[in-house]
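A.B. asks: Chains as they are written, first to last, in our numbering: chain A, 1 to 654; chain B, 1 to 250.
A couple of the hints might just be wrong.
[What the hints assert, rightly or not] In silico EDC-like pairs for lysine to aspartate or glutamate, Cα to Cα no more than 20 angstroms straight-line:
| hint | chain 1 | residue 1 | chain 2 | residue 2 |
| --- | --- | --- | --- | --- |
| 1 | A | K569 | A | D525 |
| 2 | A | K122 | A | D38 |
| 3 | A | K569 | A | D558 |
| 4 | A | K516 | B | E140 |
| 5 | B | K30 | B | E58 |
| 6 | A | K516 | B | D151 |
| 7 | A | K516 | A | D558 |
| 8 | B | K30 | A | D431 |
| 9 | B | K12 | A | D163 |
| 10 | B | K30 | A | E427 |
| 11 | B | K234 | B | D193 |
| 12 | B | K12 | A | E536 |
| 13 | B | K12 | A | D208 |
| 14 | B | K12 | A | D341 |
| 15 | A | K569 | A | D545 |
| 16 | A | K561 | A | E536 |
[Claimed, not checked] Example chain B residues on the side facing chain A (calculated, C-beta under 10 angstroms, incomplete):
| hint | residue |
| --- | --- |
| 17 | N7 |
| 18 | E14 |
| 19 | L25 |
| 20 | L34 |
| 21 | D45 |
| 22 | S48 |
| 23 | A95 |
| 24 | G96 |
| 25 | F98 |
| 26 | V99 |
| 27 | A100 |
| 28 | Q102 |
| 29 | G104 |
| 30 | I116 |
| 31 | S147 |
| 32 | A242 |
[Claimed, not checked] Ranges between beta-carbon positions, derived for each pair:
| hint | chain 1 | residue 1 | chain 2 | residue 2 | range |
| --- | --- | --- | --- | --- | --- |
| 33 | A | F91 | B | R77 | 55 to 65 angstroms |
| 34 | B | D245 | A | D545 | 52 to 62 angstroms |
| 35 | A | G316 | B | S125 | 28 to 38 angstroms |
Since the hints were made in silico from the structure, they are not lab data.
Bear in mind that the values here come from a model prediction, so they are computed numbers and not experimental data.
Backbone N, C-alpha and C define an ideal beta-carbon position, used for all residues, glycine too.
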Amino acid sequence: MLASTGVSGTLGRAFLLVGFIGAVFGAFAAFTGARRSDQQVIRLIPRFAVLIFAASVGAFATMEYAMITRDFSLAYVQKVGSWSTPALYNFAAVWSALEGSILMWVLVLAGYTLAVAYWVRKRMHDPIASWAMGVMFVVSAFFFLVSFFPANPFAAGAPGVLDGPGPNPLLQNHVLVMFHPPILYLGYVGVTVPFAFAIAALITGRVDEGWLVATRRWSLFAWGFLTFGIALGSWWSYEVLGWSGVWAWDPVENASLLPWITGTAYIHSVLVQERRGMLRVWNISLLVATFSLTILGTFLTRSGVLNSVHAFSESGIGSWFLAMFAVVLVVSIGLIGWRGDRLRSPGVIDSPLSREAAFLANNVLFAVFAFVVLLGTVFPLIVEALQNRQIAVGAPFFDRLSTPIGLALLTLMAIAPVLPWRKATTETLRDRLFWPAWCGLGALILSLVFGAYGLAPLLTFALGGVSAGAALRQVSLATRRQGWRGLVGRANGGMIVHLGVILIAVALGASNSFSKSQELSLVQDVEAQFAGHTFELRDVVEVRDDRSISVKALVLVDGRKIYAPAITKFTRIGMNVGTPSVRTSLTADVYLTLEPPVRQDANEARIKVFIKPMIVWLWIGTALMAVGTVLAVFPGRRRKPTEPTSAPVEVGRS
Amino acid sequence: MSGSSTNLEALKQEREFLLRSLRDLEQEHKFGDLDDQDFEALHKDYVSRAATIIRQIESSGSNSSFAEHAPESSPRRRGRTLLVAFMVLVVAGLAGWFVAQQSGQRLAGESIAGSIEDSTASILSRARATNFVDPQAAIELYTTVLSVDPDNVEALTYRAWLLALIARGAGDEVKKLAFESASRDLQRAISIDASYADAHCFLGIARFRLADDAQGAKQALTICAQNNPPAEVKGFVDSIVAEVDAALGG
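Using the sequences plus the hints, can you model the full thing?
C.D. replies: Here's what the structure looks like:
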């Protein structure tokens, strides 16, 4: 028997209903206004955007209030709420399970819808803007509906419940829970904006470069948030899961990587369309793929079809998301087919030695990469559906295929920035690659001096050097021409992003190839050695609070500082969570985990030690990518898209 | 929109594009992005294409059935499309074959894709569950444990035992090699923890089954019995003790 939900439940559902009705009416107003050019109706569009945003804020705030006040009349609070959860994690508990995460999606999507409405407020009479708003409203209506029915966070819970287990212990163990999901959602949901404009362009038939240029910044925003969200997830994995890795090719990680790959392909290929009028169908297809993959990713994560460190429990929303996925694909492909004639590109690639050819090659590689990741992720599901066999595709499949693709992309990253559009001579290429090539050689020699070996890592370091040289050459030319403004704008910011990617590639190459690990049985006050480091167990201590019992091994590393890997038992859920302790430096991390079984009164402990070279450069590279994205979003003193790459920039143009 | 007006629109777009490209080309040549030779070749190509398109647009004005003049896909274009389709099929086929090769049985609690490197405790637990279902996979899991913990007694013992089991039906040469390897691992396990009964038990069985050494087997099995082996291991031992005694008696 279920109890009444009380004020929170009723209020929350009312907000969701208002939001859904607002989105439906908004879509109706946008489509009708666009078709009939009815200014009176069009003027209503921003009001509906405000309404759905207000409704989403209301619903989210109601859920936060219920969580903070521990309103156990709600099933969701019973599932993830607890009196013993600290305030910070209790706040984040709202998005720690399926229903709350969809609610957050609704909030972010409504926020984007309002932001777009504000952005096009003076151009709402333009059909492309109205149609795009209509698409935003349709997607919003879908998510309000999902939140109202199959993923209802305001459902009534069992009567008489006075406390709950709290969120999954893995979500109570690190402050990143506050940032990783919201930032990732800003990326996921942000893709809706360029997708909406792509659909609007197809409907209106205005498939030239106008809409593309207009939504460029939105695409970059979404891509930047997705990049940063994924990187934060890796950091979380490293800091919380205790396996010393940053990427496991877990299906849910893959689900976030897939739209990132197609999105990255898009932000490159869009340059070709702007500049040369080519790849129109391809660019629209990439946007459709990116948006569809966010829906597919949500289906994979939240339908219960897979086991994963991230997977939410089984739910009834799978069919909803599959249906949405199908609708998006059918409508988009139908529209592309309908506008086939207009999408025909007037331009052709004049030479394989040109920037557009390099971008095309880059897109082919990204497409293959996306296919490989998608195949590896859904292959077990397909086999299970067809043959009722339970199989797994392990990390080696992804590692073996992504390594050559990554190396090929690094090669293109070295060459593409120095290539002019249209055609390059070998002399031009030779001149422009002179210093980058020396950088590559220097990187190779340096890595050999430091003892690196193996084809893949050495190629990574050498190509990383060439790519970094090419990016630095571009930045240096731009800053010499334009001063500090040579750092902003898409091309220049893009080079900073490239430098971040190169750092990440080198860090992954080093840490994947040269990591060492060993389990050590440490006895108190007896020194053990591994990989040139000393480890001495000083004590094993127990820390208790009202939600957990934590056993920590105090280990003196290299006779300098004590580190405390721990195992925490969350008593309400009965789950053990390991907490690694890491000594970070620019050259290598010393990563310690405590291995079970462990007893506080014992004078010994089993410690697993990982030596992870250069891992900190992964986070530095990520920060550089974030900075580069911000610089790319700001308007530089850039050329018109049709001007030659070597053309001087006029003073005063922005 | 009719087909002819769509084609006319497309041709006008292409004309605009080519004329704009000619202007860009001159700019790029002026700023040194293109050398003289490439400029000449590209310029000639663009002029020729623009002239063709302009002629087609003009002829459309005097011809009501413009659709007949619409550019058709050339054999070269069709060939390129076929080549791309073929390449896509090849890549998809190769990736499909590779993923099928790389897939394996999914155990309880495992994710469908990817893997987080487990602690030795959880790898051992998976290996135990796999021991007699898929000995090959279990051996790999024990080897993984030994790569980070070379002194892990359980991994040393059970890897040796599974190796001995697999080799039992093989030829003499293989049996001999398997026994040497298993015996080495078991002796090492015993040297690390002499009270670990399983290692003594399996050493006894291996000596008898693979090396016909009843004397050595008896010695190991005696120590095994003194150390209270677990029930499932005791089951193996009980079934062989009589045979060993008979061999010694004979």
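A.B. asks: Among the hints numbered above, which are violated by the structure, and what are their numbers in rising order?
C.D. replies: Going through the list in order, the structure violates hints 1, 3, 5, 9, 12, 22, 32 and respects the others.
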